[in-house]
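There are 2 protein chains.
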Amino acid sequence: MPDKPSPINPTDNDARNLSVSLIAKARFCALAVLDPNTNHPHVTRIVLGTDPSGKVLSLISDLALHTSALHQNPNCSLLIGEPKTTGDPLIHPRITLQCNARFLPRTHPDYIATRAHYLAQHPKAKLYIDFADFNFVLFTIQSANLNGGFGKAYNLTAQDCSPKV
Amino acid sequence: MPDKPSPINPTDNDARNLSVSLIAKARFCALAVLDPNTNHPHVTRIVLGTDPSGKVLSLISDLALHTSALHQNPNCSLLIGEPKTTGDPLIHPRITLQCNARFLPRTHPDYIATRAHYLAQHPKAKLYIDFADFNFVLFTIQSANLNGGFGKAYNLTAQDCSPKV
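Line by line, the protein sequences are chains A and B. The numbering of the first sequence is the numbering used here, which starts it at 1 and goes up by one. The numbering of the second sequence is the numbering used here, which starts it at 166 and goes up by one.
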């Protein structure tokens, strides 16, 4: 009997380009962390931006559970790519990123350029970007799973979904 | 010195009604599980429906990582409530549900009514609802966190966000 066919397609340039484009266009995403109190998964919405090198980041508050969770365990996952409000939500492409989170101290040499870059992407964040409890967290992609719609699943490396420099 | 004020508001009927409404209107959500291979959080998109009693459920494929993850560890989290595609994504209300997942066998007495109810909500699912690898998973809510926008955070019980019968 033949093996069951794999639901994962071989990665091609269309899959790579779609991934880069989904990430570049995203203004927000779902963030999954481990709740430090229960060790269960916990998913919230965060705003998404990039630093000047194109690395994915967010500006998050110490008051939120996801922030203390990431301080205790930096392993996290982002879901990027939003469906339209009508039609079948599963035909819309989305990508799951497995990431490692790292906070950017205000004293870091990259902080000023990162702040300016983020404000250009999210001008309304100027209302709270300098509050003491808001900090940048950078997401280093470890691997990714692209779902471009039914029968269009791909497993990607970090390089596959990073913009070409 | 006074204590730092809590970012969590006391639960009131507006918060309860908003939660029930967000859940009732949702056609899809983000699902966070523990990846059984890495023990890291993993977040994907799933379609959302309800069973005849109003309990939240989805129809998911055995080919997806979230399905094997839920078979191994039923603790999971759902993010419900989608922002519009323009404007600040954080002003849009959303709710995080902490859930316990339970699969519904096809031989279960509730299966036929659940299938009919789901098809009324998601008619296009008739294309795959009877495929052997698609199964219903029911989410029992343990607790919830409502975020109705800046300064509008609430911690809710399962009862707070369940429709009144």
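None of these hints come from the bench; they were simulated from the model. Be a bit skeptical, because a hint or two may be false.
Said to hold, decoys possible - Each computed PhoX-like pair below joins lysine-lysine, with the alpha-carbon atoms no more than 25 Å apart:
id, chain 1, residue 1, chain 2, residue 2
1, B, K291, A, K126
2, A, K25, B, K249
3, A, K84, B, K249
Here the structure is a predicted model, which means the values were calculated and not measured.
Consistency of the hints with the structure:
1. With a C-alpha separation of about 48 Å, the suggested pairing of B/K291 with A/K126 is violated against the 25 Å cut-off.
2. For a cut-off of 25 Å, the pair hint linking A/K25 to B/K249 stands: about 15 Å separates their Cα positions.
3. For the given pair, A/K84 sits about 9 Å from B/K249 by alpha-carbon distance, which is consistent with the 25 Å threshold.
In summary, the one numbered hint that this structure violates is 1.
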